[in-house]
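There are 2 protein chains.
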Amino acid sequence: MSARRSELTRAAARLFAEKGYHGTSVGDLAQALGVQKGSLYAHIQSKADLLWEVASEGAAAFHAALDSVPDEGPVIDRIRAALRGHLRVVGEQLDVATVFVREWRYLEGERRDAFVAERRRYEERFRALYREGRELGELRADLDDATAALLALSAVNWAYAWLRPGVDTDAIADRFTALLVDGMRGYNTP
Amino acid sequence: MSARRSELTRAAARLFAEKGYHGTSVGDLAQALGVQKGSLYAHIQSKADLLWEVASEGAAAFHAALDSVPDEGPVIDRIRAALRGHLRVVGEQLDVATVFVREWRYLEGERRDAFVAERRRYEERFRALYREGRELGELRADLDDATAALLALSAVNWAYAWLRPGVDTDAIADRFTALLVDGMRGYNTP
DNA sequence: ACTGGAGGCTAACGATCGTTCGGAAGGAGA
DNA sequence: TCTCCTTCCGAACGATCGTTAGCCTCCAGT
Chain A
407 MSARRSELTR AAARLFAEKG YHGTSVGDLA QALGVQKGSL YAHIQSKADL LWEVASEGAA
467 AFHAALDSVP DEGPVIDRIR AALRGHLRVV GEQLDVATVF VREWRYLEGE RRDAFVAERR
527 RYEERFRALY REGRELGELR ADLDDATAAL LALSAVNWAY AWLRPGVDTD AIADRFTALL
587 VDGMRGYNTP
Chain B
407 MSARRSELTR AAARLFAEKG YHGTSVGDLA QALGVQKGSL YAHIQSKADL LWEVASEGAA
467 AFHAALDSVP DEGPVIDRIR AALRGHLRVV GEQLDVATVF VREWRYLEGE RRDAFVAERR
527 RYEERFRALY REGRELGELR ADLDDATAAL LALSAVNWAY AWLRPGVDTD AIADRFTALL
587 VDGMRGYNTP
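So the sequence lines, in the order shown, correspond to chains A and B.
Letter by letter, the first sequence follows residues 407 to 596 of our numbering.
Letter by letter, the second sequence follows residues 407 to 596 of our numbering.
No wet-lab data here; the hints were simulated from the structure.
It is possible that part of the hints are untrue.
It does not matter which identical chain is used: a pair holds within one copy or between any two.
Distance condition first, Cα-Cα at most 30 Å in a straight line; then the derived DSBU-like pairs of lysine-lysine [stated by the list, open to error]:
no., residue 1, residue 2
1, K453, K443
2, K443, K425
3, K425, K453
All chains, please: the whole structure from these sequences, using the hints.
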């Protein structure tokens, strides 16, 4: 992929995240590159191509983050690593993550189906950590692992809305993990 | 407000939630009412009016839910009530809640400013519960209440994405509360 | 020196966008 | 019966949408 083409993809990620897919015109994209809008079609076949590309990039980034979580070791450590990885992707590729989380639904046809499948697979991998933790006894036996995974995943999925670039995402992930693991009950509470 | 006008607002909420604000045309809205698109302008001055109306309705609903949380009593009970209230709004007014959470950013000018202020005020009220809990000693003294509130609020803000109408939102809120309060650590974990 | 491809230009296409307008049907109130 | 108000129609407006077409320039490879 040429350098110019990469610029276009990055501009698309930024503008789709900022103004939404339907709120971004081909003219906007062209302006971001300092070019006439017709010229973009030397690089793409349609505007939808760009959405697909950015969404796929997001899916790849989140899966890659999970790939680097070890298969063994204390489950709580792995949960912390998964949260760290997810938040790191959001923090370092905020535009791409925003499109992955919010704009994907404007995909159409089989691209949409393929995206949904990838997304579901990611959530499954995430949830498996909690199930394994319960089965191994590292998490409480009466844990509703689906709810626990939903709570954690919701928190990080929503992160694109409040995470500002440059913050220490590892520290936030660690605080989330500590809360999820130990709770917030005080000592003088029945 | 006339009955017809209310129908229009409800159709707007549904379509904005389903296809997005920019993805919904005035023609789509007219079709939902079985009417020519020009006829809608007997009820509204612009399409943006509808977005503002639905977004405001959402803000009112969420604030009303918080209003019914008592000012006194055990903080944990009040946190549970707040989560119940929030999730109940999402479950019972899914379209409105979706617009409140996701489509508000297409508001423009002072309407956008006013919405953001209302939203911030809601989050502040939510966060105050956690701060009070820590100060009263009902939540652990070393609690990072901002992080705790963020975790809880993120989970319920994201709920529009996975909550299906008709489920028992109170039960989900209770499970979230239990998790947040007591954590998920197992007994044979150091 | 010649060629081919990459990248950009201008101009225009048909479609659709949100909005406006004049007129008309129909019921409610006087 | 007359009038007003709500609601809608049908047609049109200018603007903007995503996309296509033909042409030009520049540069790397042969």
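So, going through the hints one by one against the coordinates:
no. : hint        : verdict
1   : K453 - K443 : both (11 Å within a copy, 27 Å between copies)
2   : K443 - K425 : both (18 Å within a copy, 26 Å between copies)
3   : K425 - K453 : both (15 Å within a copy, 18 Å between copies)
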